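As given, the protein sequences belong to chains A and B, one line each in that order.
Sequential numbering of the first sequence, starting at 1, is according to my numbering.
Sequential numbering of the second sequence, starting at 1001, is according to my numbering.
Since the hints were made in silico from the structure, they are not lab data.
Since the structure is predicted, the reported quantities are computational estimates derived from the model, not experimental observations.
Mixed in with the good hints there might be a few duds.
The following residues of chain B were derived to be distant from chain A, with all beta-carbon distances above 10 Å [as the list claims (entries may be wrong)]:
id, residue
1, Arg1021
2, Val1022
3, Met1023
4, Phe1049
5, Phe1057
6, Ser1108
7, Ile1109
8, His1116
9, Thr1120
10, Asp1132
11, Tyr1211
12, Lys1270
13, Gly1271
14, Val1290
Cut-off 16 Å, straight-line C-alpha distance, at most; resulting in silico cross-link-like pairs (EDC-like, lysine to aspartate or glutamate) [claimed, not checked]:
id, chain 1, residue 1, chain 2, residue 2
15, A, Lys197, A, Asp52
16, B, Lys1270, A, Asp300
17, A, Lys784, A, Glu671
18, A, Lys784, A, Asp744
19, B, Lys1270, A, Glu301
20, B, Lys1270, B, Asp1052
Every residue, glycine too, gets a C-beta built ideally from N, C-alpha and C.
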Amino acid sequence: MTEAQAAQTLSDLLDGYHPREGMSDEMMRGDGTLREAWQPFIDFLSGRTREDLAQRFARGDQYLRDAGVFFRQYTTTGSTERDWPLSHIPVVIGAGEWARLSEGIVQRAELLERVMADLYGPGKLVSDGLLPPELVARNPEWLRPIVGIQPRSGHFLHFLAFELGRSPDGSWFVLGDRTQAPSGAGFAVETRMATSKVFFDHFPGANVERLAGFFRTFRDAVNGLREDDGRVAILTPGQHTDTYFEHAYIARYLGFMLLEAEDLRVDDGRLSVRTVNGTDPVSVLWRRLDSRFADPLELDETSAIGTPGMVSALRSGAMTMLNCIGSGVLEARALMAFLPRISEALTGEALKMPNIATWWCGQEQELRYVRENLQRMMIGPALSTSLPFEVDGATVLGGTFRGAAQQPVDDWLARDGAKLVGQEAVTLSTTPAMIDGQLVPRPMVVRVFAARTPQGWTVMPGGYARIGRTEDPTALAMQSGGSVADVWVTSDRPVAKDSLAAQAGGPYSRRMPGALPSRAADNLYWLGRYIERAEGLVRQLRAYHLRLYEAGDPEMPLVAHIGSFVSRYGVDLAEPVPAGLLDLFDLARGCAGKIRDMFSTDGWHALDDLAATAREMAAAEPGDDTARVMGLLLRKLAGFSGLVHENMYRSTGWRFLTIGRAQERAGQIAEMLGAFADLEAPAGSFDVAVEVGDSVMTHRRRYAVETNRNTVIDLLALDSENPRSILYQINILQEEGEALPRPDNQPGMSDFARRVLRLRTRLATATPEELTTERLAEVGAEIKLISDALGAMYLE
Amino acid sequence: MLYDITLKITYTYETPAASNRVMLRMLPLTLPEQKLISGFVGTDPQPDFRRDRSDFFGNPMTELAHDQALSEVTFRFAGRVRRTPLDVSLDLSCAHAALPETLAAIRSIAPESPHHFLGTSERIRHEPEIVDYARSQCEPGMSTLAVVRALASALHRDMTFDPDSTEVGTTAIEAFRNRRGVCQDFTHIMITALRALGIPAGYVSGFLRTYPPEGQERLEGADAMHAWVRAWCGGETGWVQIDPTNDMMVGADHIVVALGRDYADVAPVKGSHRAMGGHATTHQVDVAPVV
């Protein structure tokens, strides 16, 4: 038996595990014994072989990849999507301890609400001397247009996150309040799913508190904030933000619409979303966008991701926003220096959970204290909203600058004191991470979530922990290589198994899919068009390279004729897999990327695979080799189409995708016939038409003759049973068009429907002789007008 | 002095601009030294939505929206204002050196609090070159008002008024390096300088009387909306207004429209015109004394 196959004993696991001197460890007490809450999990772990654990970990990673969980990592040259860095060993915390921690969180959430209400209301904290005026007046997140606004719900804050650490003495403290637009709740769910896959046989019996109850309560609370029939939506900055995946995920999980600024408009002080059914009022907006970008009219005028009039809608009380614009003011580090006193003054109670000790250097006494204790201070910008461990070059740690900025710290403090805070350089607790088969202590912080309900604040039982890559507590951020672990809150009694999904056999309610935002419809429509355009181009390129291979001469009339036809896409035929084709895949992927909440992970992977394959094959030889590559791409394209056709729910979204494809295909065939079914075209053109039209077999079966103009036009333009004919595609436009909603509520036929019906009638009654090259050009032009009519009605 | 004032701002678009939502700050404030006797802000064509209110600093503002795409839109103000200039000949301001202490005693974030007017704001950055310039104009023992006056004179001396050198988006540092600009640039540079010296400073938008009294020169900036500086000189003196473009204390010939931290707070028309092509803007101002 090799080492990897042997089940580990408890001592194999723990003998090499040594918590660091002067730090608390989540799993192990100072005397080397296990904490109670960890015992069952460690017992389970010690019975496994290394091989088994490796397989389990791989299973968790695979789950995350299949689910499409990623985060965006920023580098100096741009950003890329990275796998979610799961640390497979959960952090285990007993339910009793968690309950005490939750009390501190609830108290803090209520306090923050009162602070915000004061800062945007009477301003008594400042006039009573509890908060220096410059920390408010110079805070870029204190937004003057919000002053005086009374939130419709009666509250500014509805969903918060907190970053917690544990001191050497075992007590918890707050490192940062995340009040602006806290992210991570969706990641907490996915991290939980992945970890429960890793420990699939241990987790169900481990009495781990479930997260679903928290989300159900929150969802119901949010739905309860609606007035009249308005919708609930999540406002995201879009796919280029680092947490877009999470926005899409949580929207799907909770059944809320996912919107971007351009979906929204404000009319008469009311907020509404542009959908393909017309405009729909929005009553509750969960903002995942930083406040100052939310409205270019009243806030940051340079914002391209805001909705003009948003603040006005908030002011008129026509909607509730989670959290109210301006909530970022509570994230400033310097506020931590004053919260303990504010708590006592406002509530008569001390903070149940302290926050990181903070001194604002704009006060003489505090400044002196920071100077005298430089060695254990972290000094940085007072109004920064970064967490203490997210240090940068302008941070002084232990008396020296982290970056290249070199100046005496004393001078800096003397000159810029009012702009600086000192924060106690924290000692975090450690928790075990599995590194090279060994449990190793690593620093960690826990992110905890709290939601407002009609009964008060509720705290998610669990969350996730960020685990340092090294022992350096400043390397916790995922951006600098940290990883993420599930947090298990374990009870000593069995917990209710719970999920947001309906119980088997129980009553169910079918949630009708909401109206489709016009932007999403537009992206689906163009996804359909780009994919179909790519397919057409691939077929043409294959025909070209086959002929080139047979003729061996690009100047041969037929080869040159195909070549010039293909080149109209701006394609360079010298490139076997032309850049123009790769662009189409990227465009398709771009459209899909903007609607991740309504596009399946499989479909996304299929698109990714297509683009990657095309790139890998870019070095093919012209001729036969390239024709083979095009064949491969066609099969992959067919795979994607199959997914869409077989698996996608026949929603309005699917119809827009289908209409996009049908329209693109009809237009392409018309254009292609114009070039290859023309009597003047070089010999062999009719066969090219039938081949590019993927109808070689059908032609052979249906017509007992060689290809001639009439057979080609009949089959590819007028045959209502051939999916590769213009008429067939126009019939699809008619069918799907009829199933679409009418946003304008006008009686009678829409311009779109009228144009489709006219074209259909003309084609259905035409003979091949009538459909001359000139007439085909008219058909092509009419298809473009149909596209414009669709756009005017739904997409603009 | 009594003035009849008209202001007309017209936007012309190459292709019609949809979703025209704007905020106007065109109606003059009522202040101790100034009274709006009558006045109206209007638009052509008529808007589909209109709401009038005050902003954080108390400036009257109008929110407007047009549903239809527009190829041309005009915003106008017409009204009568009485101006009674304050006497600012006596310097009761606190010593520049004592200002930090005076400020620290003011515990307020209400709109009139000087704390809003320090540090950075949307159009005011920390600019070391302007800081050095500002320091070089100060001498020990100066009163705050003396510093303010010295800076206005220095800028008037060192800068050239040149309407062709800058546009509405020009930053203070760009104009300062060229030593050229219009009233907006003079004002932004002076605000940057004053704040660097710890003196709370803000932006005033307004009008100048178009034709001066007989025998006096026509002031720069009279043919468009004008801008000048507001500086806080301690608890006793409070806010004073000074026009660095013309190097003068603000008096009977200046009419205040709006107060803010910088241009972004008081722009007469702020809005989102979703236009594909370019656009042209024309301003017309007429400020006539009522005889």
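Review point. Against the structure shown, which of the earlier numbered hints fail to hold, in ascending order?
Key: 1, 2, 3, 4, 5, 6, 7, 8, 9, 12, 13 and 18
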